[in-house]
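Peer 1: Taken in order, these protein sequences are the chains called A and B.
Residue numbering for the first sequence follows UniProt numbering, beginning at 1 and increasing consecutively.
Residue numbering for the second sequence follows UniProt numbering, beginning at 1 and increasing consecutively.
I should point out that these hints are in silico values taken from the structure, not numbers from a laboratory.
Heads up, a few of these hints could be off.
Said to hold, decoys possible - FRET-style restraints, in silico, Cβ to Cβ:
(1) A:G64 to B:E378: 51 to 57 Å
(2) A:E222 to B:L362: 55 to 61 Å
(3) B:S434 to A:P103: 52 to 58 Å
(4) B:G40 to A:R132: 28 to 34 Å
(5) B:S44 to A:R367: 18 to 24 Å
Ideal Cβ placement from N, Cα and C applies to all residues, glycine included.
2 protein chains.
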Amino acid sequence: MAEGGRTADVMRTIRGRIAARGLAPGERLPSIRGLATSMGVSPSTVAEAYERLAAEGAVRSRPGSGFYAASSAPPPTLAEIGPCLDREVDPFWVSRQSLDGEPDTPKPGCGWLPASWMPLEPLRRAARGLARAEGAVLADYGTTRGPAGLRRLLARQFAEEGLPVGPDRILLTGSSTQAVDLVCRLLLRPGDAVLVDDPCYFNFQALLRAHRATVIGVPWTEAGPDPERFAQAASQRPRLYLTNSALHNPTGATLSPAIAHRILNAAAAHDVTIVEDDIFAPLEPEPSPRLAALDGLERVIRIGSFSKTLSASVRCGYVTARPDTIEALIDLQVATHFGGVSPVAAELVAGVLGNGQYRKHLDALRRRLARARRETAERLASLGIRPWLMPRGGFYLWCTLPDGRDAAGVARAALREGVVLAPGDVFSVSRTASDRMRFNVAQMGDGRVMPVLSRAVARPEA
Amino acid sequence: MAEGGRTADVMRTIRGRIAARGLAPGERLPSIRGLATSMGVSPSTVAEAYERLAAEGAVRSRPGSGFYAASSAPPPTLAEIGPCLDREVDPFWVSRQSLDGEPDTPKPGCGWLPASWMPLEPLRRAARGLARAEGAVLADYGTTRGPAGLRRLLARQFAEEGLPVGPDRILLTGSSTQAVDLVCRLLLRPGDAVLVDDPCYFNFQALLRAHRATVIGVPWTEAGPDPERFAQAASQRPRLYLTNSALHNPTGATLSPAIAHRILNAAAAHDVTIVEDDIFAPLEPEPSPRLAALDGLERVIRIGSFSKTLSASVRCGYVTARPDTIEALIDLQVATHFGGVSPVAAELVAGVLGNGQYRKHLDALRRRLARARRETAERLASLGIRPWLMPRGGFYLWCTLPDGRDAAGVARAALREGVVLAPGDVFSVSRTASDRMRFNVAQMGDGRVMPVLSRAVARPEA
Chain A
1 MAEGGRTADV MRTIRGRIAA RGLAPGERLP SIRGLATSMG VSPSTVAEAY ERLAAEGAVR
61 SRPGSGFYAA SSAPPPTLAE IGPCLDREVD PFWVSRQSLD GEPDTPKPGC GWLPASWMPL
121 EPLRRAARGL ARAEGAVLAD YGTTRGPAGL RRLLARQFAE EGLPVGPDRI LLTGSSTQAV
181 DLVCRLLLRP GDAVLVDDPC YFNFQALLRA HRATVIGVPW TEAGPDPERF AQAASQRPRL
241 YLTNSALHNP TGATLSPAIA HRILNAAAAH DVTIVEDDIF APLEPEPSPR LAALDGLERV
301 IRIGSFSKTL SASVRCGYVT ARPDTIEALI DLQVATHFGG VSPVAAELVA GVLGNGQYRK
361 HLDALRRRLA RARRETAERL ASLGIRPWLM PRGGFYLWCT LPDGRDAAGV ARAALREGVV
421 LAPGDVFSVS RTASDRMRFN VAQMGDGRVM PVLSRAVARP EA
Chain B
1 MAEGGRTADV MRTIRGRIAA RGLAPGERLP SIRGLATSMG VSPSTVAEAY ERLAAEGAVR
61 SRPGSGFYAA SSAPPPTLAE IGPCLDREVD PFWVSRQSLD GEPDTPKPGC GWLPASWMPL
121 EPLRRAARGL ARAEGAVLAD YGTTRGPAGL RRLLARQFAE EGLPVGPDRI LLTGSSTQAV
181 DLVCRLLLRP GDAVLVDDPC YFNFQALLRA HRATVIGVPW TEAGPDPERF AQAASQRPRL
241 YLTNSALHNP TGATLSPAIA HRILNAAAAH DVTIVEDDIF APLEPEPSPR LAALDGLERV
301 IRIGSFSKTL SASVRCGYVT ARPDTIEALI DLQVATHFGG VSPVAAELVA GVLGNGQYRK
361 HLDALRRRLA RARRETAERL ASLGIRPWLM PRGGFYLWCT LPDGRDAAGV ARAALREGVV
421 LAPGDVFSVS RTASDRMRFN VAQMGDGRVM PVLSRAVARP EA
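With the rest of the complex left out, here is chain A:
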């Protein structure tokens, strides 16, 4: 959309005349030849400028008759939405503040890596490949399951992890969140009970609220959900248990094999379906037990995406489950989104995955994150902020604030100085994490973070 020199001059001239009412709404623009002569440019430059003005709605073209000033002025451009300082600190708080904050706002509260930590060169190369792709990739709806090539790549990965499923049992979706949402739509009815970890990813609560589910929190330990409490909760016959088993959000803890086994047994005893959202798995130094692999996808539905390691912009998630579940999810995805994943997105993902550089990127990323976790823990210690545990991988540190400080108050004070934090209670169903805070170690590099955090911890808002 860049405007070349002379074309831009012509566009500015016409826009100026319209703005100054030198050209009234509906009035015919100067002839292409006439304006070209008077401005000393070629007729094709004027024609191109008129086409672009028409594309943006400032002028209208009537075939065979010429170009006219638009009949209604464009509406005023409203200022973009700034941080909502008065918004309640609810499960949407962190999402809205981190997604809609100014681009240069430091966001140690957000759930993704800075763009500069992502594999930008492989992405650019994949975009150049996209420009040469066949027309169907650029312009058509894709198949309902998503392109077979990418599903085969995933199937190979799953086989490596001890989960031998064919590509036909993988459904590509617009994101892992969309995959969780489709599963909830398939299996939940309003009022159904769903187990989540306490604490858990705040958006699980927002999502389950959208489904009008009754959410039951199971206390989360350093090795997974508390197995006694899980069994107790499962006996109330919830429909689902929704969890991240590897590098759990927000704590970074990982499910132990022993607890995994007990969870699966309790789920089987009470016919609870488990949704395992494994989006942080590629950040593990060594693979940890997967509920999906232990169970053989009988009652576990496995979900993932590329948003944490490849791109959050290229929307592509996946779900693998029993064949009957996949078939039902396909119909549901067609009904609610038509088609499945965007073929353009799948092409970009496959392009990066098939590029040898991507694995090197992942190796380097894991090392970089290990360093960032250590450094962040040291810096936070200087403010008396201590991690609950040191995770084996990933980018989160789940920390305790000093002297029982109220994390929501600290987050509000920090937001006033333009730093987005993630206070503990947004992750906690029981709201028992008011002195906890989740830090994203990859987002701590900005020099403003520590001074603002230091002041906010010293003087949280009421």
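Once you have looked at the hints, place chain B on chain A.
Peer 2: Chain B only, in chain A's frame:
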């Protein structure tokens, strides 16, 4: 993912050894230097080949120790899903058959243009621009509303159509279907009544079924819904009325101003919200009355996308509505999809819209479709198939089969010969369109269509 000559040779060699068990699962691959010497290639070629094999899962790398044959063989590649001949002809029938048919299957039943009719050159140019975009576009989540630049372009377009809304009242979504779905999630509870046109787009029925809504059909006339029947149905206080007012799917008819006015009054009298899905509007020769513009977006929610004219692969839809509705939809979109539209998709759309060629493409497309409508009508007449009306634009002809032929039977017979058709009853809530068929005039070019259709009409399946 193309494999260069020598690298590909090395990859083939290693794959061959693994397949022939010359390299057992878990066995160490030859050293890079050793294989390079024996194959007469450079060590960097072998290293690249090993990285690519690791990326596709055929080998594993252990940092500091080398590369190993993968420990589990990849699962067999299942054949892709073919046409489901035995599937019930329900609202999902046409979607599944057209989305999952073989790429070269003629699909006069589908709801989109062939890729070759789409603006492929502007799309390729936009993809090259994407390769040069800033990192955030390639790798970050976007803002919750979607990029401001694209929303400003849309706001200008809306102003042209007499709908002056600021860009802050436009929410970008993953598709128009997703936009309708979000609105339904916001406004509907299971059992709520929803009015649709009879016939209407079959996926509206599938979508409303997913919401467990009670669907009420209002007979559709050549100038819009029958106003008496609409008023009658509205008096039952449905929550929503879901419609395409311009170039209605499947009939191609357009709402008249007089009926638009009566519909709005009846909706106001019974507090019915109207969802106007305007995805075919860019194909109109001249703009027709918009319910959204007449009403000023008080009780009308307007939805659209670029899937019919720019790309169905680049998933991007939009919704404009009252500010409180937009705010609620944003939270719902975050909860169920995290983030909004893919920044990559929005960049591609904005790139094409800002390209002067796109308007020329639209002009040419409208002319081409007018010709295709005429030609298709003539060809169908030779089989006694007649359009219910000749639409002023778009790519659909809604036709009556001769002698009360059963369209589902004709569609089944044609599918057996590899041609996907759209039988009338999938569009009809009351199932009173059994002798109707929707034809997509842009998909009639394949030489197989008319002979297959001729046979299927002569001998429909029972």
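Peer 1: Each hint: holds or not?
Peer 2: Hint-by-hint comparison with the structure:
1. A:G64 to B:E378: 51 to 57 Å: violated, 26 Å
2. A:E222 to B:L362: 55 to 61 Å: Roughly 60 Å apart at Cβ, these two residues keep to the hinted range, so it holds.
3. B:S434 to A:P103: 52 to 58 Å: For P103 of chain A against S434 of chain B, whose Cβ atoms are near 56 Å apart, the range 52 to 58 Å holds.
4. B:G40 to A:R132: 28 to 34 Å: holds, 31 Å
5. B:S44 to A:R367: 18 to 24 Å: holds, 22 Å
Checked against the numbered hints above, the structure violates only hint 1.
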